[in-house]
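So the protein lines, in turn, are chains A and B.
Heads up, the first sequence is in the working numbering, so the first residue is 1 and it goes up one at a time.
Heads up, the second sequence is in the working numbering, so the first residue is 1 and it goes up one at a time.
Mixed in with the good hints there might be a few duds.
SDA-like mimics (lysine to any residue), calculated; alpha carbons at most 20 Å apart, straight line [said to hold, decoys possible]: (1) B:Lys140 <-> B:Thr151; (2) A:Lys37 <-> B:Arg4; (3) A:Lys37 <-> A:Arg118; (4) A:Lys37 <-> A:Thr185; (5) B:Lys140 <-> A:Gly160; (6) B:Lys140 <-> B:Arg114; (7) B:Lys140 <-> A:Arg14; (8) B:Lys140 <-> B:Tyr199; (9) B:Lys185 <-> B:Ser228; (10) B:Lys185 <-> B:Arg114; (11) B:Lys185 <-> B:Arg233; (12) A:Lys37 <-> B:Arg178; (13) A:Lys37 <-> B:Glu152; (14) B:Lys294 <-> B:Arg368; (15) B:Lys294 <-> B:Phe348; (16) A:Lys37 <-> B:Pro297; (17) B:Lys185 <-> B:Thr305; (18) B:Lys140 <-> A:Glu121.
Hints were generated in silico from the structure; no laboratory data involved.
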Amino acid sequence: MSPEILSAIGISARVALVATALDAAVGLPLAYGLARKPMTAKSAVELLVTLPLVLPPTVTGYYLIVLLGRRGWVGAPLFGLTGWSVAFTWYGAAIAAAVMALPLLVRTARAAIESVDRDLERAAFTLGRSEWQTALAVTIPLARNGIMAGLVLTFARALGEFGATLMLAGNIPGRTTTIPLAIYTAVETGETGDALLLAGALTVLSCLVIFIANRLGTAAP
Amino acid sequence: MSQRLEVGLRLQVPGFALDVDWTAGEGVAVLFGPSGSGKTLTLQCLAGLVHPQAGRIVLDGQVLFDATAGIHLPPQQRRVGYVFQGYALFPHLSVAENLAFGLHGAPRTERARRTAAMIERLGLGQLERRYPRELSGGQKQRVALGRALATEPAMLLLDEPLSALDMPLRRTLRDELRSILSEWKIPAVLVTHDLAEAYQLGDRVIVYEQGSVRQAGPRGELLWRPASESVARILGIRNILRGRVLEASPQGIRLLWRGQRLEAMAPPEPTPLPAPGSDVAFFARPEDLRLIRKDGPPPDPVHHTNLLSGSLIREADFGATWTLLVRLDEPGAPAQGDYDLEIEIPRFVYDTLRIRQDRHWQLSIHFRSIHVLPS
């Protein structure tokens, strides 16, 4: 295996893990809120979260540049203060992957939380547990399989992200080149052996993820 | 019986309004009525799970809810045990963990002691390590009761506790539930749409319809003295008829119905007598109607009041009993669709009187079996 391929695998693993962790931190509370809390502008939040699923990834990537680029709304003040920007770093790749994969997690986890019988939560309330305690002792344990399936799908989606990552993080070998970007480069430069190897690896991994997600989806809590 | 629970609730949701006032003492108050009449919503208000717009709930002198005073205790602070429809046992916890769920604030040893005491008291000894999906319907009911009672609540709420069970088991568990409820000396409010269940378990019955209370009183009063025609219909009483009052005195009421004069009992005090000339509703239970045997002595007016004659137009076999639909000989429109009266007789009577062949009969209704409903 060439060093380019090895480095792409390392970057991809790092990007996908960080993206999944980011999505868990943001997406799970969001899923719980959408499922259980009366929220003002609930449909607006839903729309915003779902949008990356529908928009072309390059459009999402473009918005991320507008927001986080060196001259972006958030990126410019950040650059002014620290002299650092997420653009063209693997952090940028992780953020892009997280945004692209967020709808999958929120939708899966929300459905899992909504499928928990509300009477179980009501029972916990009458037995003296606060809403927070009830979420931890009843709702989340019972929605666990759905949440796990959502996290697995999120990881897989983050691993395969291409368009938005390219826009925000670029394709810098050894720094931001993830597996999908490496495949693109390999095909462009005629390195068909590398392309085939990486494409095959991603396909096998995706099959595994779908298998795990389905198993979690059908297993009783 | 001193009043321990005072309830006044006003709540408006799209397409439904709840507006009820009632009280209950020690023992079981049953909320009885058709589905969608606001019974479960009332329980949720009592438990603090739903916030009414107006009203007041007082339990043993403690105000749980008072809209004008701005008091709304959250469910966690109400000390109310709730047995949910379908029991709502935590599927991921064992029987022992379910029972201990409400005791998480207590010290570890205290929690273990009280859980063990509840397991002992409800005879759940062999089951403490099992999970809800491994329990029978009756065992689930006991665990749900135990989980609610373990917190030593000031009141117990039960939502259709027997509806999840099969018929034969239902009867056994009704008796078991009654003995458990009488053991705990706390007010209990039980929701049901099953009349037998309401009568067996309730000391007091509160009849709900469309978000309002139609009648509240001791269980016997409900069954024998429904407060109105609509309550009689909710109770599923058959042969509810309408007639005109000819005479009314404390000794009895004379009615005109379908061209016949009927003698009826006067309603017990303090219900006022209906005015002569007014239209009233009355009922005669199908099992109280008597067919007159043709091989016996001819009917005499001393023993057979309210003598009628008519033909059978249809019948239905209910196994142990037969229901016969009778149309009177008297010309005119039938009182209930295409028939006038419904009669229920035991199967052996149907066979011995050869009713399948013999279709024309005389019948009588004892004057005590005709109940005039207050209007």
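Next pair to validate is Lys185 of chain B with Ser228 of chain B; report whether the Cα-Cα distance is within 20 Å. violated (33 Å)
Distance restraint between Lys140 of chain B and Arg114 of chain B, which requires alpha-carbon spacing of 20 Å or less: Holds. Lys140 of chain B to Arg114 of chain B sits at ~19 Å (cutoff 20 Å).
Holds or violated: Lys140 of chain B and Arg14 of chain A, Cα atoms, limit 20 Å. violated (48 Å)
Pair hint Lys37 of chain A and Pro297 of chain B, alpha-carbon separation not exceeding 20 Å: Since the Cα atoms of Lys37 of chain A and Pro297 of chain B sit roughly 77 Å apart, the hinted pair is violated (cutoff 20 Å).
Do the alpha carbons of Lys185 of chain B and Arg233 of chain B lie within 20 Å of each other, as the hint requires? violated (33 Å)
Is Lys140 of chain B within 20 Å of Gly160 of chain A, Cα to Cα? At roughly 47 Å apart (the allowed maximum being 20 Å), Gly160 of chain A and Lys140 of chain B break the hint.
Decide if the proposed pair is consistent with the structure: Lys140 of chain B and Tyr199 of chain B, CA atoms, cutoff 20 Å inclusive. Roughly 23 Å between the alpha carbons, so the hint for Lys140 of chain B and Tyr199 of chain B is violated.
Pair hint outcome, Lys185 of chain B versus Arg114 of chain B [Cα-Cα no greater than 20 Å]: Within the cut-off at roughly 18 Å; holds.
Holds or violated: Lys37 of chain A and Glu152 of chain B, Cα atoms, limit 20 Å. The given pair, whose Cα atoms are some 30 Å apart, is violated under the 20 Å limit.
Is the Cα-Cα distance between Lys140 of chain B and Thr151 of chain B 20 Å or less? The hint holds at about 18 Å.
Would the pair Lys37 of chain A and Arg118 of chain A pass a check requiring their Cα atoms to be no farther apart than 20 Å? Distance ~12 Å between Lys37 of chain A and Arg118 of chain A Cα, so the pair holds.
Just to be careful, I want the Cα atoms of Lys185 of chain B and Thr305 of chain B compared with a cutoff of 20 Å; is the pair within it? The given pair, whose Cα atoms are some 48 Å apart, is violated under the 20 Å limit.
The structure fails hints 2, 4, 5, 7, 8, 9, 11, 12, 13, 14, 16, 17 (numbered hints given earlier, in ascending order).
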